[in-house]
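These protein sequence lines are chains F and C, in that order. Take this note's numbering: the final residue in the first sequence is number 264, and no numbers are missing along the way. Take this note's numbering: the final residue in the second sequence is number 1264, and no numbers are missing along the way.
Just to be clear, a hint being listed does not mean it is correct.
Unchecked claim - Straight-line distance between alpha carbons at most 20 Å, and here's what the computed SDA-like set of lysine to any residue pairs gives:
(1) F:LYS74 x C:GLY1156
(2) F:LYS247 x F:ASP81
(3) C:LYS1074 x F:ASP81
(4) F:LYS247 x F:LEU62
(5) F:LYS179 x C:GLY1156
(6) F:LYS106 x F:THR23
(7) F:LYS74 x C:PRO1161
(8) F:LYS74 x C:LYS1074
(9) C:LYS1058 x F:THR23
(10) F:LYS179 x C:VAL1259
(11) C:LYS1058 x C:LEU1194
(12) F:LYS106 x F:ASP70
(13) C:LYS1074 x F:GLU151
(14) C:LYS1058 x F:PRO57
(15) C:LYS1058 x F:LYS247
What the hints assert, rightly or not - Footprint (simulated), chain F over chain C, 3 or more residues, beta carbon under 8 Å:
(16) 1095 to 1102
(17) 1122 to 1134
Bear in mind the hints are in silico, worked out from the structure with no lab data behind them. Nothing here was measured: the structure is a model prediction, and the numbers come from that model. C-beta: ideal position from N, C-alpha, C; glycine also.
Protein chains: 2
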Amino acid sequence: MAVDLRNATGADVRAACRRGELTGPTPGLALGYVQANLVVLPRDWAFDFLLFCQRNPKPCPLLDVTEPGDPEPKFVAPGSDLRTDLPAYRVWRNGELVEEPTDISKHWRDDLVSFVIGCSFTFENALLAANVPVRHIEQNVNVPMYRTNIECRRAGRFSGPLVVSMRPLTPGDAVKATKICSRFARAHGAPVHLGDPAAIGIRDVAKPDFGDAVEVRAGELPVFWACGVTPQAALMQAKPPFAITHKPGHMFLTDVRDVDLDGE
Amino acid sequence: MAVDLRNATGADVRAACRRGELTGPTPGLALGYVQANLVVLPRDWAFDFLLFCQRNPKPCPLLDVTEPGDPEPKFVAPGSDLRTDLPAYRVWRNGELVEEPTDISKHWRDDLVSFVIGCSFTFENALLAANVPVRHIEQNVNVPMYRTNIECRRAGRFSGPLVVSMRPLTPGDAVKATKICSRFARAHGAPVHLGDPAAIGIRDVAKPDFGDAVEVRAGELPVFWACGVTPQAALMQAKPPFAITHKPGHMFLTDVRDVDLDGE
């Protein structure tokens, strides 16, 4: 890539995407800026999905929702264009992945509503800043994620299990992480569970449903957070005729600073 | 009224409404249970209003939103019926108040979506429990409310000014109140302003736009909170062909305890 995007702004990363210079994953880029999940749906599916997010705020913390047809999320990234400003997308028809483009301009329609949803990178940065270790970052793999036996609150045509991510921590760090993450309600907030994985329907932490396994050391508890894969799972289950999401790991960079998500 | 509803449950108060025994205001009833504002709209207006609440969470903290046609807010009051379980309602046509019934069964339609919205009674109870005085309760009048020059974030056909409520406090109590109310994000949360009323476009605190004036004593600051009248003002401005709200002060009693709104 032409410039070092690690210390760039969110707007710099979006511009690099728009120019076609960035088509890879975004973790570690524009450090300190909030990264977000993207879900795009036709308006006649948007009410149900907005309701699903409202009823399930821990896995689906909404940062911005656009008016139908408007590709600009005015509150988190004024001047941006969701059709061009992500590195890569996934296009879905009837619940099937049909394309992974780097630009969705040709798919755009006047009835599309975009949902910009908070992601765990925000609280992981806060944990690292407080010297709470994040194992999958240490091990340079993807975070382990699991389907649970906790059902999300259904909303219209959307339903599905809560998906969680897991980070192993000592009891002391688990308390510290809970305090820190409680401040980030719009980035999944406090953990939903800690300790016995079976209590939330996870048979084997060594076998995640998504992402990679990480080491849980002696004296550590597995700590579970609501995960942004939850809305994608609900989407795949509902099978709307048309939808667009970001490609996993290829997030939307906002103008919001991590610290600005700290608080209400 | 047949029974003392002060120490009743939320369900007791709803049952009294349903039997037609309670048609008066609800402040002070079912102490410790969350009271809520009600807004009912046809489905084709519901997406815009849901988006308005999502974009303006401080004045419009959503506690529950029903599926179209379903009169039961399953998450905050399972088994309840929003058509009969409030003491009194207001029916609006094209932004005009046309009726104040005590039952809305005859107005019900299959396309109506109900929004149950948090209210300040929750945090006022918490303030009183912490020995922070609430002047309008002391003076036995309605809380003073003001239109501000802060515009809400527009959502489709809904827009309007932020309406705030005011409680005068000493600087020490203002800090204490801020700490307490920060815990109640779904009951308007922390204050939006304190001190100079002109800074948010209020000319004279002695002349509220809604409710009653209260005394601001020497050494006290006026402290301003986002207010649940905001969505009603947006509703009156948007003039949907049909809407139903609660009659002011005649709230919906949920099964949720005040303490359960403390936290995420």
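Results of checking the hints against the structure:
1. F:LYS74 x C:GLY1156: Since the Cα atoms of LYS74 (chain F) and GLY1156 (chain C) sit roughly 13 Å apart, the hinted pair holds (cutoff 20 Å).
2. F:LYS247 x F:ASP81: Holds. LYS247 (chain F) to ASP81 (chain F) sits at ~16 Å (cutoff 20 Å).
3. C:LYS1074 x F:ASP81: Outside the cut-off at roughly 38 Å; violated.
4. F:LYS247 x F:LEU62: Roughly 18 Å separates the two Cα atoms, so the pair holds.
5. F:LYS179 x C:GLY1156: violated (37 Å)
6. F:LYS106 x F:THR23: Satisfied, since the Cα-Cα distance of roughly 17 Å is no more than 20 Å.
7. F:LYS74 x C:PRO1161: holds (19 Å)
8. F:LYS74 x C:LYS1074: violated (33 Å)
9. C:LYS1058 x F:THR23: Status violated; Cα separation ~37 Å.
10. F:LYS179 x C:VAL1259: holds (19 Å)
11. C:LYS1058 x C:LEU1194: Cα-Cα ~16 Å, so holds.
12. F:LYS106 x F:ASP70: holds (15 Å)
13. C:LYS1074 x F:GLU151: holds (15 Å)
14. C:LYS1058 x F:PRO57: Holds, at roughly 15 Å.
15. C:LYS1058 x F:LYS247: violated (32 Å)
16. 1095 to 1102: violated (count 0)
17. 1122 to 1134: This one is violated; 0 residues, fewer than the three required, reach chain F with a Cβ under 8 Å.
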